[in-house]
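Colleague: Chain by chain, the residues run as shown.
Number of protein chains: 2
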Amino acid sequence: MKLKDQYPLSVYNSLPREKEFFKSINKDYVGMYVCGPTVYGSPHLGHARSAITFDIVFRYLKHLGYKVRYVRNITDVGHLEDEVAGAGEDKIVKKARLERLEPMEVVQTYTVMYHKSMDVLNVLRPSIEPTATAHIIEQIKIVEEILQNGYAYEVDGSVYFDMDKYTQDYKYGELSGKVLDDLISGSRNLEGQDKKKSAFDFALWKKANPEHLMQWDSPWGMGFPGWHLECTAMSSKYLGLPFDIHGGGMDLQFPHHEGEIAQSFGYCGCKPVNYWLHNNMVTLDGQKMAKSKGNFISLDEMFDGSHSLLEKAYSPMTIRFFMLQSHYRSPIDFSNEALKAAEKGYKKLMTALQTLSEIPHVKGEKDEKLDQEINQLCDEIYKSLSDDFHTALALAGLFELSSKIYSFYNKQASVSGISKETFQRLQTTFTEVIEDVLGLISEDGGGDGVLDGVMNLVINIREKARLNKDYALSDQIRDELATAGVKLKDEKGTTTYKLD
Amino acid sequence: MKLKDQYPLSVYNSLPREKEFFKSINKDYVGMYVCGPTVYGSPHLGHARSAITFDIVFRYLKHLGYKVRYVRNITDVGHLEDEVAGAGEDKIVKKARLERLEPMEVVQTYTVMYHKSMDVLNVLRPSIEPTATAHIIEQIKIVEEILQNGYAYEVDGSVYFDMDKYTQDYKYGELSGKVLDDLISGSRNLEGQDKKKSAFDFALWKKANPEHLMQWDSPWGMGFPGWHLECTAMSSKYLGLPFDIHGGGMDLQFPHHEGEIAQSFGYCGCKPVNYWLHNNMVTLDGQKMAKSKGNFISLDEMFDGSHSLLEKAYSPMTIRFFMLQSHYRSPIDFSNEALKAAEKGYKKLMTALQTLSEIPHVKGEKDEKLDQEINQLCDEIYKSLSDDFHTALALAGLFELSSKIYSFYNKQASVSGISKETFQRLQTTFTEVIEDVLGLISEDGGGDGVLDGVMNLVINIREKARLNKDYALSDQIRDELATAGVKLKDEKGTTTYKLD
Chain C
-14 MKLKDQYPLS VYNSLPREKE FFKSINKDYV GMYVCGPTVY GSPHLGHARS AITFDIVFRY
46 LKHLGYKVRY VRNITDVGHL EDEVAGAGED KIVKKARLER LEPMEVVQTY TVMYHKSMDV
106 LNVLRPSIEP TATAHIIEQI KIVEEILQNG YAYEVDGSVY FDMDKYTQDY KYGELSGKVL
166 DDLISGSRNL EGQDKKKSAF DFALWKKANP EHLMQWDSPW GMGFPGWHLE CTAMSSKYLG
226 LPFDIHGGGM DLQFPHHEGE IAQSFGYCGC KPVNYWLHNN MVTLDGQKMA KSKGNFISLD
286 EMFDGSHSLL EKAYSPMTIR FFMLQSHYRS PIDFSNEALK AAEKGYKKLM TALQTLSEIP
346 HVKGEKDEKL DQEINQLCDE IYKSLSDDFH TALALAGLFE LSSKIYSFYN KQASVSGISK
406 ETFQRLQTTF TEVIEDVLGL ISEDGGGDGV LDGVMNLVIN IREKARLNKD YALSDQIRDE
466 LATAGVKLKD EKGTTTYKLD
Chain D
-14 MKLKDQYPLS VYNSLPREKE FFKSINKDYV GMYVCGPTVY GSPHLGHARS AITFDIVFRY
46 LKHLGYKVRY VRNITDVGHL EDEVAGAGED KIVKKARLER LEPMEVVQTY TVMYHKSMDV
106 LNVLRPSIEP TATAHIIEQI KIVEEILQNG YAYEVDGSVY FDMDKYTQDY KYGELSGKVL
166 DDLISGSRNL EGQDKKKSAF DFALWKKANP EHLMQWDSPW GMGFPGWHLE CTAMSSKYLG
226 LPFDIHGGGM DLQFPHHEGE IAQSFGYCGC KPVNYWLHNN MVTLDGQKMA KSKGNFISLD
286 EMFDGSHSLL EKAYSPMTIR FFMLQSHYRS PIDFSNEALK AAEKGYKKLM TALQTLSEIP
346 HVKGEKDEKL DQEINQLCDE IYKSLSDDFH TALALAGLFE LSSKIYSFYN KQASVSGISK
406 ETFQRLQTTF TEVIEDVLGL ISEDGGGDGV LDGVMNLVIN IREKARLNKD YALSDQIRDE
466 LATAGVKLKD EKGTTTYKLD
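Protein chains in written order, with this note's numbering: chain C, -14 to 485; chain D, -14 to 485.
Fair warning: there could be bad hints in the mix.
Just so you know, same-sequence chains aren't split out, so a pair can sit in one copy or run between any two.
Computed list of lysine to aspartate or glutamate pairs in EDC-like fashion (alpha-carbon distance at most 20 Å, straight line) [what the hints assert, rightly or not]:
no., residue 1, residue 2
1, 12, 87
2, 222, 87
3, 222, 196
4, 101, 114
5, 449, 464
6, 47, 114
Hints were generated in silico from the structure; no laboratory data involved.
If we strip away everything but chain C, and leave its shape as in the complex, we get (with noise of 0.2 Å):
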């Protein structure tokens, strides 16, 4: 029996706002479309949040048995500064001009940062990473059919898409629960600040002035894509419609994902997604994130710990394990004390692995309770992720696990107690949860297990050392490692070592 049919996933859907049983289109195939950066700054952990929700989202499909193909995209073009309002000037634009370089080179410097800071979070490459430039052909093609269809006009060189008209055939505002007329009274005035019929009328396609940065040409002569845009005509290009799970971050419901539900009905007469997955966001001290509070630390920052609101540098992996203790739909408040603590249980938990490693399994009376235990703390981790991605629960069965492990290990309890299947599930379960599905992974020494080796040595020197009770070089040794960044640790009879 697959993992999936033996653990059956929910998730909760954003749009009838529950929890169903997830079906795939295609029986074994799974497409997901996650919202990805506008790459105009450094990657923050708003950025790491999403990336790591949905990293977590595509690992489990795939670890249940599904083949995904996960298309997250690179924002470099149509992202405005007030997409509500749908005004402001483009992010990516506005940046290459105040740092007087082309676009793409903006584009450039943050998709590496981006991809650099995400490839030492653990989080795995998407299967395609599109672009909006590279599909404007694409999005020319989705608003020359929703003109057609009677959902969109063009005025003076842009198109808009026409939400009176829209709302007489289809809902709007379902996902995030807006009301137009409460959005459109709420607004402010338009007069005077584009051509549109109606507040709520989104840009599908923007005419560009001569000097503005970013243009193609189009029907409706030179010009820019709307945001939204960009999504419909990825997802519909590489996934179809529609296609299984949609993701992105709690804010772009609105005005983002309404504008791609709209933009779908309008294209094609069909709703674009089965599942809508939304994280929540991330706050610090208790409080949003933002440029203009000081209070915005990016990923760089965290891992160097350069920002003075931080009291040291906190690893990739530690953040990762941070994030994964809440569950992705509840907010997450980042503090020192609570990244210290993160920090604890993280390497607790590897340490833990790296314990198991070492236990060999020997044949012995039985000890059914012990056996039954066990397994059932197995079936407890995977049904906590297979209801909605449970990470914080599945963390919590996890560690239920180690302290059996460290039973084991310490000979409080018999490993012969159990089964040789039982040892061989506890081993798989702990393993390929903790690294194939959590992603995490040793940050010792670069894991090439190079230091490990010296390091048993040098420890095995200062034993023999202190038997001799040649204090002066067992102290010497202490001294020097502590210098060289190593710290040692003596318990329980036994000295570990850890890196400072």
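Given chain C, work out where chain D should sit, using these hints.
Modeller: For chain D alone, kept in the frame of chain C given last:
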């Protein structure tokens, strides 16, 4: 005085086939375009040679004081199997068909692999890395212009460059030294192959059958761009025409770069490039690498030593160093012997760099001859680099400086013989040329110094054991280190270590 004025650069220009002084179009700025990979297979030594060659050009231009916009493309559509005959399948489409993937999944897989390999080879990312599929509109525009100028014709949904018309107005083949009449008489019979008027009319736009996996709408129907076209579109878009430097492998001169030249004249009546630079090829034990010969080694196989022709793994820096030991316009032959020698040379150079950082300058009696000698060596290193990027000669100069460094370290010569200024110049030149220009970096223990610190301690303990004639301990240390993957080397009274 800026370095670029102190050591004026000359480059071998493939078009006039001679060395010329380099003068950029805009005083302090250089625009450079280099043909990047077609991403349908694992990156190999040929990719590395081209990338490293132009990485040196990029690094040295910046080091000289130029601001460089370096564009290197990714070919993700349109590169046919036989570009001389303009025949065969699109390489990426073929791979996608065989592996039952969406072409963009193939592109993603090999683009990520290429970036990872180039990153470990310490090849800097270009300023912009555009893809062919992201510039379909720009390519169509150029085809339209060439058609309008009369240098192309449409047949049945494809557009071909009209060589007959072109050669009435311009010369063809100057870069590669090909004579068109010879080419035509030597080519295969065209009958039934396709509908072009002459054998060397190349496709600007190719009609696609409905089942073709990658196609876009155009004024001539559904199709895809010809290979040469993307480079004209992307270089002109990001650098303007003409631009300063165009680079690529020698094997790209014909037909690819000849195609670019013809397209540029056909498009705007102007030459595209002021300086054409081409790197030579890589052979393996004297033979051209080819998948059919079984001597095709990917970079990953080089790095992990898994290919049967390799006696061991060779690190990225060994490969980089090995390539820099030849001038980029000379062929290089890979063999285990040559690579092992390069590994030694690289380590020797890096040890000298480390040693230099440990020598303090002291005042004393001046040794005019030595002082002059060191200044001359520094001069010569820069002159070599400014002489068409002669990294082989620069490395020879660095090794001469290394001897001086060791003689200071071993007290065979007195560092007080040279002035403070000369000492600083030695430090700056040695460090900057190795690290910034040649891009050689330390590969020891991940560079975080922890292993270095611990190994210092271990080597000291072993030293004391030997002084105390405790050979059991000193042997034990050597053996256990070997097991951990660390080899000790006793030479000239000091012990160093290296990783296996």
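Colleague: May I ask which of the numbered hints given earlier this structure violates, with the numbers listed in increasing order?
Modeller: Nothing - there is no hint that the structure violates, so all of them hold.
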